[in-house]
Amino acid sequence: MFPTPIQKALPFVQTTYKVVLPIALVLWLLPLIGVALTSVRPASDLAAGNYFGIPSGFAGIENYTAVFRDSPIGLYILNSFKVTIPTVIGAVALSCLTGFALAVYRFKGNLVLFFLFVAGNFIPFQILMVPVRDMTLRAGLYDTTLGLVLFHVAFQTGFCTLFMRNFIKGLPFALIESARVEGVSEWRIFRYIVLPLMRPAIAALSVLVFTFVWNDYFWATVLVQGQHAMPVTAGLYSLNGQWVAAWHLVSAGSIVAALPPVAMFFLMQRHFIAGLTLGATKG
Amino acid sequence: MTQAVSPQPGFWKKNQQKLAPWLFLAPGFLMFIIYVLVPIFESIWISFHDWDGLGAKVWIGLGNYAELLQDDDFYTSLKNNIIWLVLYLLSIPAGLAVALFLNQTVPGIRLYKSLFFFPFVLSQVVVGLMFTWFYAPDFGLFSKLIEEITGQQIAILADERFVTYGIIVAGLWPQTAYCMILYLTGLNNINPEQVEAARMDGAKGLKLLWHVILPQLAPATFIAMVVTVIGSLRSFDLVSIMTAGGPYGSSQVLSYFMYEQALSEYGFRMGYGAAIAVVLFLIMMVFITLFIVRMIAQERNA
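Going line by line, the protein sequences match chains A and B. With my numbering applied, the first sequence corresponds to residues 16 to 298, in that order. With my numbering applied, the second sequence corresponds to residues 2 to 303, in that order.
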């Protein structure tokens with residue numbers, strides 16, 4: 016193990032480590048702690064210039080109620096779900112198929128296609144912006160959640176294909192071979208032999224895509240204009256413009272907007288990290 | 002009976018293995034073609050036109066590119082992109098340092114690791130708002146700190162000299178968390194025998210890290226490089242949230258400059274925007290090509 020386990024160090028060093036650990040964490044999360052504290056701060060604190068001190072009282076309930084009552088954030092959150100959930104289902108489903116095709120079959124152009132998906136994943140969004148916006152407008156999907164879903168599904172399929180293909184490559188190929196010998200059709204091999212083994216990959220991708228798409232801000236501003244379809248990232252930005260200096264409300268709004276992916280992360284941590292660190296160990 | 006009616010099953014049986022991959026690929030690849038591949042070429046095509054997004058496109062050849070070369074904002078954006086690229090790379094050693102710090106087995110360490118990773122899960126919009134508030138003149142914690150040290154008030158996000166650096170610091174926060182988790186996973190998979198053998202030979206500390214540990218972490222470093230380089234050139238959210246490119250366009254980057262020109266309040270300039278996007282695309286293609294070449298080499302070895 017590297018570095019040397021702390022248990023082998025002098026007792027003094029061990030104690031120091033245990034003391035430094037929480038301090039480092041507080042410093043690391045300081046911006047977050049500041050926002051969390053401010054979201055429960057009474058408005059009078061801000062007026063009195065008490066921005067970073069101990070809140071003079073607990074106004075969390077008032078602030079969070081005010082955010083939901085005085086702003087359409089509830090609607091924004093709903094829109095984000097309407098974009099995110101169908102995208103997760105669509106992108107994961109499509110990439111199960113593409114990943115299977117690229118992992119199991121040998122055919123001309125296999126690697127070229129695979130790296131096309133990989134490269135597509137890295138390009139700047141701006142090179143897609145004008146045509147995608149134009150296409151969405153012409154299809155009558157501008158300013159709708161469906162317009163966002165279709166784009167996200169297509170784009171996320173690149174990343175998901177990379178992931179799924181590498182995952183399926185790691186499965187024992189003998190399973191598929193023996194099924195073929197017995198005359199099982201290709202579709203049934205996919206459906207009844209490979210797909211059940213892909214559960215961990217599906218879980219990992221679902222949380223990752225959920226987080227990526229929930230946190231998307233660029234496409235939310237490019238493909239949506241009105242409140243009725245606006246996801247919470249873009250919504251929060253416009254609220255920030257309205258609530259000038261009402262930092263307690265901006266903070267409460269930020270916390271609300273951050274909550275779903277955060278909850279997802281803590282619930283599915285193992286899968287999340289497995290997905291994110293794919294390839295960090297071998298290759 | 003059914004087999005006698007149509008020759009299909011026979012044909013299908015014979016060619017199933019050849020056709021199956023294409024059928025499996027079709028839906029996903031079709032979406033990818035429509036939304037990713039074709040738009041790249043459309044953007045390149047549009048960049049040779051003057052177009053407001055509604056009327057007819059007017060062919061102007063390299064006109065947009067010629068204008069770009071005369072545009073001061075373009076050079077500011079380019080310069081800032083380079084600063085982003087260079088400074089963003091700091092998240093790799095920083096992430097390694099945090100990972101080394103946390104790679105211990107003491108009670109509660111799992112929770113510590115998750116909480117250190119936490120910033121990555123937040124939307125950049127939220128990160129941007131947090132840091133804007135951190136930097137706020139008069140009361141922001143960071144501004145207070147600077148005032149204590151230097152004796153003068155500096156409004157980071159309103160000062161042309163510091164604004165880009167201020168935004169990059171905000172970006173480094175989640176990016177360091179990302180690199181940290183890559184390295185933590187890498188450290189977890191290090192070959193303990195090699196480490197022990199090196200220790201027997203008297204290697205320790207930085208020497209051990211440099212000669213034994215880092216080579217084993219190469220895959221993690223590679224992925225950290227890829228996501229950091231790509232992330233730095235893609236930077237859009239933080240610039241948009243924290244400064245909208247200001248003050249006076251001094252924190253512009255190509256991605257935001259493009260967006261602003263294409264969807265400008267003074268009239269859409271889709272052609273000009275597309276030209277900026279093409280430049281950014283070409284810059285990124287250099288890095289993407291390098292990365293892909295390495296990935297193909299790995300694939301061949303596997």
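You may find that some hints are simply not true.
List of simulated lysine-lysine pairs, BS3-like, C-alpha gap at most 25 angstroms [said to hold, decoys possible]:
| no. | chain 1 | residue 1 | chain 2 | residue 2 |
| --- | --- | --- | --- | --- |
| 1 | A | Lys33 | A | Lys23 |
| 2 | B | Lys208 | A | Lys123 |
| 3 | B | Lys14 | A | Lys123 |
| 4 | A | Lys23 | B | Lys19 |
| 5 | B | Lys114 | A | Lys33 |
| 6 | B | Lys205 | A | Lys33 |
| 7 | A | Lys23 | B | Lys114 |
| 8 | B | Lys14 | A | Lys23 |
| 9 | B | Lys19 | A | Lys184 |
| 10 | B | Lys15 | A | Lys123 |
| 11 | A | Lys23 | A | Lys123 |
Read the hints as simulated data drawn from the structure, not as lab findings.
query = Does the structure break any of the earlier hints, and which numbers would those be?
reply = 2, 4, 8, 11
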